[in-house]
Amino acid sequence: MGERFAAASKTKLTVTDLAPTASGNPNGTIEFYAIVFLAIGSALGATVLGRVLGTVRNLRHMGMRVGFLMFFTGLLSLAATVFVDGVYGALAGHSVPLFAVLWGYTTAICLACTGVAARFGTLASIVLTLTLTVLGNPSAGGPVGRPLLNDFYAALTPYFPHGGGLSVLRGVQYFDGRGIASGVVCLVVWAGVGLLLLAGAAVRTGLRTRAAQPAPAAA
Numbered sequence: 001m002g003e004r005f006a007a008a009s010k011t012k013l014t015v016t017d018l019a020p021t022a023s024g025n026p027n028g029t030i031e032f033y034a035i036v037f038l039a040i041g042s043a044l045g046a047t048v049l050g051r052v053l054g055t056v057r058n059l060r061h062m063g064m065r066v067g068f069l070m071f072f073t074g075l076l077s078l079a080a081t082v083f084v085d086g087v088y089g090a091l092a093g094h095s096v097p098l099f100a101v102l103w104g105y106t107t108a109i110c111l112a113c114t115g116v117a118a119r120f121g122t123l124a125s126i127v128l129t130l131t132l133t134v135l136g137n138p139s140a141g142g143p144v145g146r147p148l149l150n151d152f153y154a155a156l157t158p159y160f161p162h163g164g165g166l167s168v169l170r171g172v173q174y175f176d177g178r179g180i181a182s183g184v185v186c187l188v189v190w191a192g193v194g195l196l197l198l199a200g201a202a203v204r205t206g207l208r209t210r211a212a213q214p215a216p217a218a219a
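Counting along the sequence shown from 1, when you hit position 217 you're at 217 in the UniProt record's numbering, and nothing is skipped either side.
By construction, these hints were calculated from the structure, which means they are not laboratory data.
The beta carbon of each residue, even a glycine, is placed where N, CA and C say it ideally should be.
Errors might be hidden in some of the hints.
[To be verified] Pair by pair, the computed Cβ-Cβ distance ranges are:
1) T16 / L123: 48 to 58 Å
2) R4 / S182: 28 to 38 Å
3) T209 / D176: 44 to 54 Å
4) F120 / V87: 33 to 43 Å
5) A181 / T11: 37 to 47 Å
6) T133 / A154: 27 to 37 Å
7) T16 / G67: 40 to 50 Å
8) G192 / F68: 13 to 23 Å
9) A7 / S95: 41 to 51 Å
10) F175 / G74: 24 to 34 Å
Working from the sequences, and respecting the hints, build out all of it.
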């Protein structure tokens, strides 16, 4: 359309790319696929760690669980950063910010899934994982971007970690960190809710354990 308009107006059409993609990511889709695969890895990792580490018994045990989760998500995010930046060259030039964004994103999903599992059970965590997959992935926009989504998925974008993570990732990668506030808030809310649920489960289990202990014998 632009070329036809320029020809009709007898002017020269010039296109300037203000935020060019890397040579390894000509269509700008690698960010979306990184978000999708990391979401799956985070949710599965939270489930496996939950089964291995067992019930959160108290707040001290909760701190250990969160530490394991942070270590796991750090390794997962580091592997993704090395692949998309160092190996594939798709998101080159911002290694440290890229790692930080991916770590925050994976941590938010891990904490949310862990908190739901601890408070409401494994079945609830599975339902959350399926919801994140069925609604979170497409609502992120993928290759087409949010403006081209239908009204239903476009309305979900700001509320799912996929949309928040993708928004922050693109803001850091292409716009020097501008316009990432809403995405950061989204991830913080998901992580915060997960922590609150996990803390609630830890306190409840600790109280039940103490209540079940036999009273000391009278002297």
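Going down the list of hints, with the structure as the test:
no., hint, result
1, T16 / L123: 48 to 58 Å, "holds (53 Å)"
2, R4 / S182: 28 to 38 Å, "holds (37 Å)"
3, T209 / D176: 44 to 54 Å, "holds (50 Å)"
4, F120 / V87: 33 to 43 Å, "holds (39 Å)"
5, A181 / T11: 37 to 47 Å, "holds (39 Å)"
6, T133 / A154: 27 to 37 Å, "violated (18 Å)"
7, T16 / G67: 40 to 50 Å, "holds (47 Å)"
8, G192 / F68: 13 to 23 Å, "holds (19 Å)"
9, A7 / S95: 41 to 51 Å, "holds (44 Å)"
10, F175 / G74: 24 to 34 Å, "holds (25 Å)"
In terms of the numbered hints stated before, the structure departs from hint 6 and from no other.
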